[in-house]
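Protein chains in written order, with the working numbering: chain R, 1 to 253; chain E, 254 to 476.
Calculated directly from the structure, the hints in this document are not laboratory data. None of these values were measured; they are calculated from a predicted model. Check the hints yourself; a few may be wrong.
[Unchecked claim] Short derived list, chain R residues pointing at chain E, Cβ under 10 Å:
(1) V76
(2) S79
(3) K82
(4) G93
(5) N104
(6) L105
(7) A163
(8) A243
(9) R244
Think of the CB as a built atom: it goes at the ideal place given N, C-alpha and C, for glycine as much as any other residue.
So the chains spell out like this:
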Amino acid sequence: MTDNRAADKRAAVKIHVSDLRKSFGRLEVLKGISTDIYESEVVVVIGPSGSGKSTFLRCLNRLEEPSGGQILIHGVDLSDRKTDINKVRESVGMVFQHFNLFNNLSVMANLTLAPVDLGRASKEEARQNALQMLERVGLADKADAFPAQLSGGQKQRAAIARALCMQPDIMLFDEPTSALDPEMVGEVLAVMKQLAALGMTMVIVTHEIGFAREVADRVLFMDGGVIVEEGTPQELLQNPREARTADFLSSVL
Amino acid sequence: MGQIISSYGWLLARAMGQTCLLALLGLFFGSIIGLVFGILGVLQNRVCRAIEVVFVDIIRGIPMMVLAMFVFFGIPYGVKNILGVSSFTLNALQAGTICLALNSGAYMAEIIRAGIQSVDRGQMEAARSLGLPYWRAMQRVVLPQAVRTMIPTIVNQFIITLKDTSILSVIGFPELVNTGKNVVANTFMSLQTWFIVAVMYLIIILILSKLAKLLERRLSYDR
Chain R
1 MTDNRAADKR AAVKIHVSDL RKSFGRLEVL KGISTDIYES EVVVVIGPSG SGKSTFLRCL
61 NRLEEPSGGQ ILIHGVDLSD RKTDINKVRE SVGMVFQHFN LFNNLSVMAN LTLAPVDLGR
121 ASKEEARQNA LQMLERVGLA DKADAFPAQL SGGQKQRAAI ARALCMQPDI MLFDEPTSAL
181 DPEMVGEVLA VMKQLAALGM TMVIVTHEIG FAREVADRVL FMDGGVIVEE GTPQELLQNP
241 REARTADFLS SVL
Chain E
254 MGQIISSYGW LLARAMGQTC LLALLGLFFG SIIGLVFGIL GVLQNRVCRA IEVVFVDIIR
314 GIPMMVLAMF VFFGIPYGVK NILGVSSFTL NALQAGTICL ALNSGAYMAE IIRAGIQSVD
374 RGQMEAARSL GLPYWRAMQR VVLPQAVRTM IPTIVNQFII TLKDTSILSV IGFPELVNTG
434 KNVVANTFMS LQTWFIVAVM YLIIILILSK LAKLLERRLS YDR
């Protein structure tokens with residue numbers, strides 16, 4: 001099955017990254033990242049903190065402005081001045097480590113704000129759609145709650161639902177379970193698994209190696225601003241070729 | 254005391270109205286100035302941020318009494334004698350409004366800048382990641398949260414500005430202090446007069462505080 005998918009993928013590159021560089025002042029955080037991410041592929045990025053994995057992810061929807069290199073999202077060049085970044089972002093959902101639900105709005109308003117504001121749906125359509133999404137993440141009864149009334153796991157599931165309401169075809173996850181209490185990690189990962197099963201293209205920065213093993217099509221190991229090694233979970237997690245990868249895995253497993 | 258109220262009550266009440274009028278005008282324009290400069294202060298653009306800093310530093314660095322003298326006496330003099338426009342005049346209400354607006358605007362700019370910056374960066378990032386443009390995200394997500402944290406400080410600034418109207422007695426605007434002085438000059442009853450004036454300020458400020466509390470409660474969302 002993996003072979004089949006790999007064959008399909010060649011036809012549909014969703015994200016093309018070549019020689020991506022990013023510096024903060026004199027500190028070069030990304031030192032030339034190149035990879036292609038295919039339709040329906042689930043790519044998990046692992047690596048020690050400070051390895052540049054979050055910065056890499058944040059470059060993919062230009063929350064960080066790359067210093068060099070090229071990123072194409074469905075063939076659209078992000079660094080092109082003519083590119084409307086807001087349009088690109090409508091189709092690239094993002095989930096943050098600290099949820100970032102809008103604290104001043106109810107869960108329902110969190111989910112409908114962007115679709116209505118950007119003219120993607122009428123108020124009623126957006127509401128119906130939001131209810132469906134909440135159903136999917138198991139929060140149908142929390143539509144009228146405010147973020148402050150939710151647990152961490154609920155907040156993160158609501159945040160995933162909010163991103164899904166824009167009907168993105170790519171989802172970026174920036175350490176989605178790192179700020180959660182251990183007992184809430186499972187519920188968020190379950191929602192992500194379900195999303196992967198539905199064929200969403202996903203790029204996930206995480207420390208959950210078990211999740212990577214189970215769900216990832218491909219794992220990237222980053223260290224020092226470069227991709228040190230990549231491969232299927234079996235290859236990379238069981239038999240790493242690089243010493244740095246092996247070191248990292250032995251420290252987290 | 255009864256004598257003052259019966260003879261000068263209407264005059265003092267009118268002065269109280271003038272104080273409120275001046276404070277309202279000053280706060281209205283001051284809020285606009287504060288919002289504009291406060292937003293300039295959070296923009297990426299360095300020139301915009303520099304403009305905010307310079308404005309705030311200059312206004313904060315000048316005592317309002319000096320500013321009042323400068324605006325009321327200095328500017329008309331300059332316009333007439335240096336620019337040669339003889340028809341230019343500035344009455345005490347106009348000059349007072351300008352002074353209060355500039356002064357409260359500078360403090361308000363700092364309150365608004367700090368308020369916006371106190372909202373977690375992730376809020377803006379999340380809004381942008383959904384495709385909302387910067388100003389829309391500011392308007393729908395960041396500002397509403399900023400305003401809520403700012404309200405107690407803004408109310409405090411409103412009260413300070415209201416009391417600062419007394420400084421404008423030096424340019425002859427018939428607000429409470431100026432009028433109080435006139436009443437004392439006529440009656441020599443300074444204890445009674447200033448007591449009444451104090452109570453009048455107290456009443457306005459208590460009403461303002463109560464309104465603010467109501468507003469704060471209405472705007473709360475994380476019960």
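Hints versus structure:
1. A hinted interface residue such as R:V76 counts as satisfied when its beta carbon comes closer than 10 Å to some beta carbon of chain E; here the least separation is about 14 Å, so the hint is violated.
2. At its closest, the beta carbon of R:S79 sits 17 Å from a beta carbon of chain E; the interface hint therefore is violated under the 10 Å criterion.
3. Hint status for R:K82: violated, given a least beta-carbon distance of 16 Å to chain E, over 10 Å.
4. Of the supplied interface hints, the one on R:G93 holds, with its beta-carbon coming within about 7 Å of a beta-carbon of chain E, less than 10 Å.
5. Because the smallest distance between the Cβ of R:N104 and any Cβ of chain E comes to about 4 Å, under 10 Å, the interface hint for this residue holds.
6. Checking R:L105 against chain E by beta carbon gives a least distance of about 8 Å; that is within 10 Å, so the hint holds.
7. Here the hint on R:A163 is kept, as its CB sits about 7 Å from the closest CB of chain E, short of 10 Å.
8. With a cut of 10 Å, the hint placing R:A243 at the interface with chain E is violated, because the nearest CB-to-CB distance is about 36 Å.
9. A least Cβ separation of about 30 Å between R:R244 and chain E goes past the 10 Å threshold, and the interface hint is therefore violated.
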